[in-house]
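From just these sequences and the hints, can you work out the full model?
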Amino acid sequence: YVRETTGCTVDMRVGIHTGAVLAGVLGQRQWQFDVYSKDVVLANKMESSGKPGRVHISNKTLQYIGMEFEVEPAYGERREDALRAAGLKTYFISKVLRPYKPRPSLQMMRNGTKSSSSQPSREMPSENTMASRDSTTLSTADEARILKALQEGGRPDSSFKSKLKKELVNRDGRKDLLSQTNCLTLSFRDGKTEHAYRHHRETFSGAATTAVPLVLFLVAFARFILMPSAGGGVVVFLVGVVLLTTMASVSAARSFPIRVCEVLVMASDKVHTVVVLRVVWFTTLVILAAAANTVDMYLCDKPFSSFVADNTSQLTTATHNDSIMSNTSSSSSHSMYQALRVILAQENTTTATDDEAFICLHPAYYSYFTLLILLAASLLAQVSFMIKSAVMVGVVAVQCSMNLFIMRVSLDIAEDWNTFDSQMVGHDRLSLSLELCLITVLFVALNRQTEKTSRLLYLWRREVEEQRERAADIRQRNEALVYNILPQHVATHFMGIRRKKHEELYSQSYDEIGVLFASMPNFGDFYSEESVNNQGLECLRFLNEVISDFDQLLELAQFHDIIKIKTIGSTYMAASGLNPSRLVKEDDPVKIRWAHLALLVDFAFELVRALQSINEQSFNHFVLRMGINHGPITAGVIGARKPHYDIWGNTVNVASRMESTGKAGCIQVTEETTKILQHFGYVFEQRGLIAVKGKGELMTYYLVGKAASPQQVNGESLDYSKSEDQVNT
Numbered sequence: 010y011v012r013e014t015t016g017c018t019v020d021m022r023v024g025i026h027t028g029a030v031l032a033g034v035l036g037q038r039q040w041q042f043d044v045y046s047k048d049v050v051l052a053n054k055m056e057s058s059g060k061p062g063r064v065h066i067s068n069k070t071l072q073y074i075g076m077e078f079e080v081e082p083a084y085g086e087r088r089e090d091a092l093r094a095a096g097l098k099t100y101f102i103s104k105v106l107r108p109y110k111p112r113p114s115l116q117m118m119r120n121g122t123k124s125s126s127s128q129p130s131r132e133m134p135s136e137n138t139m140a141s142r143d144s145t146t147l148s149t150a151d152e153a154r155i156l157k158a159l160q161e162g163g164r165p166d167s168s169f170k171s172k173l174k175k176e177l178v179n180r181d182g183r184k185d186l187l188s189q190t191n192c193l194t195l196s197f198r199d200g201k202t203e204h205a206y207r208h209h210r211e212t213f214s215g216a217a218t219t220a221v222p223l224v225l226f227l228v229a230f231a232r233f234i235l236m237p238s239a240g241g242g243v244v245v246f247l248v249g250v251v252l253l254t255t256m257a258s259v260s261a262a263r264s265f266p267i268r269v270c271e272v273l274v275m276a277s278d279k280v281h282t283v284v285v286l287r288v289v290w291f292t293t294l295v296i297l298a299a300a301a302n303t304v305d306m307y308l309c310d311k312p313f314s315s316f317v318a319d320n321t322s323q324l325t326t327a328t329h330n331d332s333i334m335s336n337t338s339s340s341s342s343h344s345m346y347q348a349l350r351v352i353l354a355q356e357n358t359t360t361a362t363d364d365e366a367f368i369c370l371h372p373a374y375y376s377y378f379t380l381l382i383l384l385a386a387s388l389l390a391q392v393s394f395m396i397k398s399a400v401m402v403g404v405v406a407v408q409c410s411m412n413l414f415i416m417r418v419s420l421d422i423a424e425d426w427n428t429f430d431s432q433m434v435g436h437d438r439l440s441l442s443l444e445l446c447l448i449t450v451l452f453v454a455l456n457r458q459t460e461k462t463s464r465l466l467y468l469w470r471r472e473v474e475e476q477r478e479r480a481a482d483i484r485q486r487n488e489a490l491v492y493n494i495l496p497q498h499v500a501t502h503f504m505g506i507r508r509k510k511h512e513e514l515y516s517q518s519y520d521e522i523g524v525l526f527a528s529m530p531n532f533g534d535f536y537s538e539e540s541v542n543n544q545g546l547e548c549l550r551f552l553n554e555v556i557s558d559f560d561q562l563l564e565l566a567q568f569h570d571i572i573k574i575k576t577i578g579s580t581y582m583a584a585s586g587l588n589p590s591r592l593v594k595e596d597d598p599v600k601i602r603w604a605h606l607a608l609l610v611d612f613a614f615e616l617v618r619a620l621q622s623i624n625e626q627s628f629n630h631f632v633l634r635m636g637i638n639h640g641p642i643t644a645g646v647i648g649a650r651k652p653h654y655d656i657w658g659n660t661v662n663v664a665s666r667m668e669s670t671g672k673a674g675c676i677q678v679t680e681e682t683t684k685i686l687q688h689f690g691y692v693f694e695q696r697g698l699i700a701v702k703g704k705g706e707l708m709t710y711y712l713v714g715k716a717a718s719p720q721q722v723n724g725e726s727l728d729y730s731k732s733e734d735q736v737n738t
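So the mapping is simple: the working numbering equals the position in the sequence shown, first residue as 1, plus 9.
I should point out that these hints are in silico values taken from the structure, not numbers from a laboratory.
Don't take each hint at face value.
Restricting the straight-line Cα-Cα distance to at most 27 angstroms, the calculated cross-link-like pairs of lysine-lysine (DSS-like) are [as the list claims (entries may be wrong)]:
#1 Lys47 <-> Lys98
#2 Lys715 <-> Lys684
#3 Lys60 <-> Lys104
#4 Lys60 <-> Lys279
#5 Lys98 <-> Lys702
#6 Lys104 <-> Lys69
#7 Lys672 <-> Lys47
#8 Lys461 <-> Lys575
#9 Lys60 <-> Lys704
#10 Lys672 <-> Lys651
#11 Lys702 <-> Lys684
#12 Lys201 <-> Lys461
#13 Lys600 <-> Lys715
#14 Lys672 <-> Lys715
#15 Lys702 <-> Lys594
#16 Lys702 <-> Lys47
#17 Lys69 <-> Lys47
#18 Lys684 <-> Lys672
#19 Lys704 <-> Lys684
#20 Lys672 <-> Lys575
#21 Lys704 <-> Lys575
#22 Lys702 <-> Lys60
#23 Lys60 <-> Lys47
#24 Lys279 <-> Lys201
The calculated label-pair distances, taken between Cβ atoms and stated as ranges, are [claimed, not checked]:
#25 Ala481 <-> Ala406: 43 to 53 angstroms
#26 Ile296 <-> His204: 21 to 31 angstroms
#27 Gly200 <-> Gln476: 36 to 46 angstroms
#28 Leu106 <-> Gly645: 33 to 43 angstroms
#29 Glu475 <-> Ser622: 39 to 49 angstroms
#30 Ala205 <-> Asp534: 35 to 45 angstroms
#31 Val593 <-> His653: 20 to 30 angstroms
#32 Asn553 <-> Glu694: 41 to 51 angstroms
#33 Ala480 <-> Ala94: 37 to 47 angstroms
#34 Phe503 <-> Asp534: 50 to 60 angstroms
#35 Ser622 <-> Leu546: 18 to 28 angstroms
#36 Ala231 <-> Thr194: 31 to 41 angstroms
#37 Gly645 <-> Asp534: 31 to 41 angstroms
Ideal Cβ placement from N, Cα and C applies to all residues, glycine included.
Next up, the structure:
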């Protein structure tokens, strides 16, 4: 397909081997999922010893594919020593015996539909072939049974409908709330949730307290409009309004953007932080407002009550005589009203013009004022409805007591005091008290529903916050993962574009790049898949420690321009100069243009020191064999899945050959690289001409050290002969 599309003559060399592997991620940077084992090495040899355009398989793989392919001997064991040592025979696949035939895909089966466009798959192997497979592989009967179950009862339609119905039923959250709260008190069953709910602060909860002094101010205004001369409650209301305004200012200081006084803000935080203080503070507001109303009501009625107490005998006689003389069925209140008028006229105590200064003409309004105070109390937030209900019941109980006992006479005769005044309001004290009680019950129900809604909103808000935190955490993890898989400038490129096609290619050409390959040639002898090493897992753990220590060096500020490319087994690959923000010109001095290459050499020396430290701690004798080259490369991310940043080009190939043809404990470079690094004071030892695959013979050198101190790097000796002896032993 690629040849037909692009018109380029390209072939792929494929090698397949079957065996056991250890899969995982090694190191701390540039993560990549990989597999490790001796069978992986053999599969690699299968590829390298194959032919372009052919699939090269081992005899172990042939055992698992049965009679599906026609094969021919490949004699790869004659071309590769590792295959011969493993006792493998190799084959080329020459023909497909069993062609693909379409069958419904698993996803189609789940949806209960069939389509001719389903994904093609190979016909299931015979039972004998399947018997030789791993026990975790599904048999034909198993897969058929699964597909049948999916067809018959596994359709998602009914499941989706049931979930949708359940979601709609619980849409208002009632079921969820009832399962988490006490049905009577509405407190959460979970102590931690209840504690968090009580201690959390609503944004404008303090602002709701301003309703109490505002209501009291309106009550005072209405009282002095209706009864300007009655009683002596001016001072009471004035003190109440000032006191409540001060308390409301303290509790509401944090709710408003204007900061008048920091002391008020601190006090507001204290009130809302301490639950007991907040409850006491808010309930005190309501109690003080109700107390001001009650005191004014008492002062309004006091002159009249005192007069009635002082003239009890005269009122009784006058009322009796009035009833006999009128010979009507008038009420006792009307008779008392007439008697009061007679006594007041006889004693010349008052006149018709100043009656209201003597008697409370509108006592029923105090009950209405109480209802306004209850309304303000119901607006208070973050106070349990049980506490608010208790306060309301207490306030109404006091008001009803005043109506039934203290202001009994005033309420009874208020309607008849001025028969010519159409604005007079008279109520039977029993009906007025009953109205108060009924409205209080409504307020209690309203408070309960309000708190239920508040708790439900709190649960939803907390769930949203948890989901937001989880989403932010997942995003941070994903970003960290992306930045750990790709270099920062590449990750920024992909993360910055929201909509990116999977097939979009990212590539960048660089002209002056340094490439390093560092491997541990004696790690293969150390690796063992015996049971004592947990089938090789302990060996990989040690390799992970080595690679992680190498990755830690990249955290140093001096190596900020070096990027780890990948690891291939025990080989560590890094490059320098890949930072696209690095601005250099062709006419810049060599020390400026290739400063990153000198850093790459210093990084190589640090790898040697890190491995020496590991050897001292683990009593091992591993050495590094390294190769460095410089030149132009192409870097990028290719593929739609499992993106991996890599570099390609002749420079990379030569650097790899410098490592593979080098000597353990040495850094081998080409002649061109030597000329550049000599400007930085490095000393080299000529090795001579070596044969490089695909390049012929190249003149190479071993890097010895700095010119100021040959055979040393930062004062430490690099004894290559000792390292070579350790490898040989």
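Taking the hints in turn, this is what the structure says about them:
no. : hint                                  : verdict
1   : Lys47 <-> Lys98                       : 16 angstroms, holds
2   : Lys715 <-> Lys684                     : 14 angstroms, holds
3   : Lys60 <-> Lys104                      : 16 angstroms, holds
4   : Lys60 <-> Lys279                      : 80 angstroms, violated
5   : Lys98 <-> Lys702                      : 26 angstroms, holds
6   : Lys104 <-> Lys69                      : 19 angstroms, holds
7   : Lys672 <-> Lys47                      : 23 angstroms, holds
8   : Lys461 <-> Lys575                     : 58 angstroms, violated
9   : Lys60 <-> Lys704                      : 20 angstroms, holds
10  : Lys672 <-> Lys651                     : 34 angstroms, violated
11  : Lys702 <-> Lys684                     : 23 angstroms, holds
12  : Lys201 <-> Lys461                     : 18 angstroms, holds
13  : Lys600 <-> Lys715                     : 15 angstroms, holds
14  : Lys672 <-> Lys715                     : 20 angstroms, holds
15  : Lys702 <-> Lys594                     : 33 angstroms, violated
16  : Lys702 <-> Lys47                      : 25 angstroms, holds
17  : Lys69 <-> Lys47                       : 14 angstroms, holds
18  : Lys684 <-> Lys672                     : 21 angstroms, holds
19  : Lys704 <-> Lys684                     : 20 angstroms, holds
20  : Lys672 <-> Lys575                     : 22 angstroms, holds
21  : Lys704 <-> Lys575                     : 24 angstroms, holds
22  : Lys702 <-> Lys60                      : 17 angstroms, holds
23  : Lys60 <-> Lys47                       : 22 angstroms, holds
24  : Lys279 <-> Lys201                     : 21 angstroms, holds
25  : Ala481 <-> Ala406: 43 to 53 angstroms : 52 angstroms, holds
26  : Ile296 <-> His204: 21 to 31 angstroms : 27 angstroms, holds
27  : Gly200 <-> Gln476: 36 to 46 angstroms : 23 angstroms, violated
28  : Leu106 <-> Gly645: 33 to 43 angstroms : 40 angstroms, holds
29  : Glu475 <-> Ser622: 39 to 49 angstroms : 44 angstroms, holds
30  : Ala205 <-> Asp534: 35 to 45 angstroms : 60 angstroms, violated
31  : Val593 <-> His653: 20 to 30 angstroms : 27 angstroms, holds
32  : Asn553 <-> Glu694: 41 to 51 angstroms : 34 angstroms, violated
33  : Ala480 <-> Ala94: 37 to 47 angstroms  : 53 angstroms, violated
34  : Phe503 <-> Asp534: 50 to 60 angstroms : 41 angstroms, violated
35  : Ser622 <-> Leu546: 18 to 28 angstroms : 23 angstroms, holds
36  : Ala231 <-> Thr194: 31 to 41 angstroms : 36 angstroms, holds
37  : Gly645 <-> Asp534: 31 to 41 angstroms : 36 angstroms, holds
Hint violations for this structure: numbers 4, 8, 10, 15, 27, 30, 32, 33, 34, all remaining hints satisfied.
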